[in-house]
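K.L.:
First to last, the sequence lines map onto chains A and B. Residue numbering for the first sequence follows the working numbering, starting at 1 and increasing by one per position. Residue numbering for the second sequence follows the working numbering, starting at 1 and increasing by one per position.
Worth flagging that the hints you see were computed from the coordinates, not collected in a lab. All values reported here derive from a predicted model rather than from experimental measurement. Honestly, I wouldn't trust all of these hints.
Residues from chain A that face chain B, not an exhaustive set, calculated with beta carbons under 10 angstroms [said to hold, decoys possible]:
hint, residue
1, Leu49
2, Ile64
3, Met77
4, Tyr81
5, Gly114
6, Thr137
7, Ile180
Where a beta carbon is used, it is the ideal one built from N, C-alpha and C, also for glycine.
Protein chains: 2
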Amino acid sequence: MSSVSTGDRIRNSAQWARIKRSAGLGLLSAAVVGSITSFAAESAHDLKLPASFRNWYHVNTMVIDKGSPFFEAMGGMHNVYINSAGETALKKGEPYPDKTVLLVDWHEFTISDGSYVEGPRKATAVMLKDKKKYASTGGWGFQGWAGGDPTKPLVTDPTKQCFECHQPKKDQDYVYSSYIP
Amino acid sequence: MSSVSTGDRIRNSAQWARIKRSAGLGLLSAAVVGSITSFAAESAHDLKLPASFRNWYHVNTMVIDKGSPFFEAMGGMHNVYINSAGETALKKGEPYPDKTVLLVDWHEFTISDGSYVEGPRKATAVMLKDKKKYASTGGWGFQGWAGGDPTKPLVTDPTKQCFECHQPKKDQDYVYSSYIP
Chain A
1 MSSVSTGDRI RNSAQWARIK RSAGLGLLSA AVVGSITSFA AESAHDLKLP ASFRNWYHVN
61 TMVIDKGSPF FEAMGGMHNV YINSAGETAL KKGEPYPDKT VLLVDWHEFT ISDGSYVEGP
121 RKATAVMLKD KKKYASTGGW GFQGWAGGDP TKPLVTDPTK QCFECHQPKK DQDYVYSSYI
181 P
Chain B
1 MSSVSTGDRI RNSAQWARIK RSAGLGLLSA AVVGSITSFA AESAHDLKLP ASFRNWYHVN
61 TMVIDKGSPF FEAMGGMHNV YINSAGETAL KKGEPYPDKT VLLVDWHEFT ISDGSYVEGP
121 RKATAVMLKD KKKYASTGGW GFQGWAGGDP TKPLVTDPTK QCFECHQPKK DQDYVYSSYI
181 P
């Protein structure tokens with residue numbers, strides 16, 4: 001069994017630029033949280049870590065493995081959930097209504113005899129739809145928490161840390177995930 | 001992007017024996033469904049495909065990749081869910097009460113630039129706890145459906161196709177998955 005250990009930092013602007021080109025990866029790059037200390041901070045979004053999200057609708061899972069250019073920043077298993085407010089829009093491929101929450105529960109993984117097995121949580125990241133309140137970031141508020149710990153928010157500058165990565169997905173209401181029946 | 005195409009058959013008894021030694025893999029080997037046509041059939045279990053299981057508690061995800069000895073039989077992304085009847089027992093690591101259902105939603109995957117991305121459904125498999133009714137198979141009934149289609153049940157001999165693989169996990173009430181907080 002080999003343990004996969006990943007760095008969580010975006011170390012330079014070249015890598016950051018690469019991440020910004022990540023259209024089609026199918027992830028909430030809100031999971032690229034924290035560590036962007038070189039940008040000027042704007043106000044953090046006032047989101048709360050939702051309870052019971054593992055009882056929400058499971059949208060999909062993605063594993064970012066060592067071969068990915070995003071491994072250093074986002075390596076791990078990404079379990080994506082959506083709350084009931086957004087479920088119909090997800091299935092119909094329509095813009096999401098206010099109060100929709102999409103959540104990435106980001107875990108480590110190990111590779112055991114050729115199988116990728118889920119490990120402990122690295123972070124939890126959410127995007128909450130409120131067209132008025134978060135108009136400057138596509139109608140979405142963004143936040144993430146280290147280890148899924150509500151006392152450890154990671155996003156201080158949602159535009160730089162989150163929205164810039166979501167902008168290329170404007171035609172999907174800034175959401176990377178889509179419905180898998 | 002490389003599409004991962006897997007065979008779904010267990011072609012020989014050596015491979016079947018290997019699967020029976022699969023303790024620790026963390027999967028419901030009920031997903032090894034169908035195609036065991038060489039065994040004498042006993043009565044199939046009368047289970048129904050549950051509706052809305054993607055709103056159940058998401059237990060874990062596992063990806064069985066090409067390097068796994070189980071790839072030919074079970075390659076793919078395995079999303080495991082549990083219904084509300086079993087959620088507390090899962091979290092406490094206790095034997096499961098009657099009416100617990102564990103479900104594997106088994107999907108294809110593609111590898112896109114080093115990331116494992118969920119694809120279409122291959123099959124859905126369940127185990128339902130009823131200590132009396134299914135006493136001869138550890139208190140669990142087993143069934144699976146090709147493509148998640150309720151008209152396409154796959155298990156005709158639950159002992160041979162399912163329970164024999166689960167027997168090594170007797171100390172976990174015959175369940176491979178365990179709780180990942």
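K.L.:
Work down the list of hints and note, for each, if the structure agrees.
P.N.:
Okay, the hints, checked on the actual structure:
1. The interface hint given for Leu49/A is broken, as the beta carbon of that residue sits about 14 angstroms from the closest beta carbon of chain B, more than 10 angstroms.
2. Annotation: Ile64/A was flagged as interfacial toward chain B, and the flag holds, the nearest CB pair being 5 angstroms apart, inside 10 angstroms.
3. Proximity of Met77/A to chain B holds as hinted, the smallest CB-CB distance being about 6 angstroms (cut-off 10 angstroms).
4. Annotation: Tyr81/A was flagged as interfacial toward chain B, and the flag holds, the nearest CB pair being 7 angstroms apart, inside 10 angstroms.
5. Hint status for Gly114/A relative to chain B: holds, with the closest Cβ pair at about 3 angstroms, below 10 angstroms.
6. Of the supplied interface hints, the one on Thr137/A is violated, with its beta-carbon coming no nearer than about 25 angstroms to a beta-carbon of chain B, more than 10 angstroms.
7. For Ile180/A, the suggested interface contact is upheld, since its CB lies about 6 angstroms from the closest CB of chain B, less than 10 angstroms.
In summary, the structure is inconsistent with hints 1, 6 from the numbered list given earlier, while agreeing with the others.
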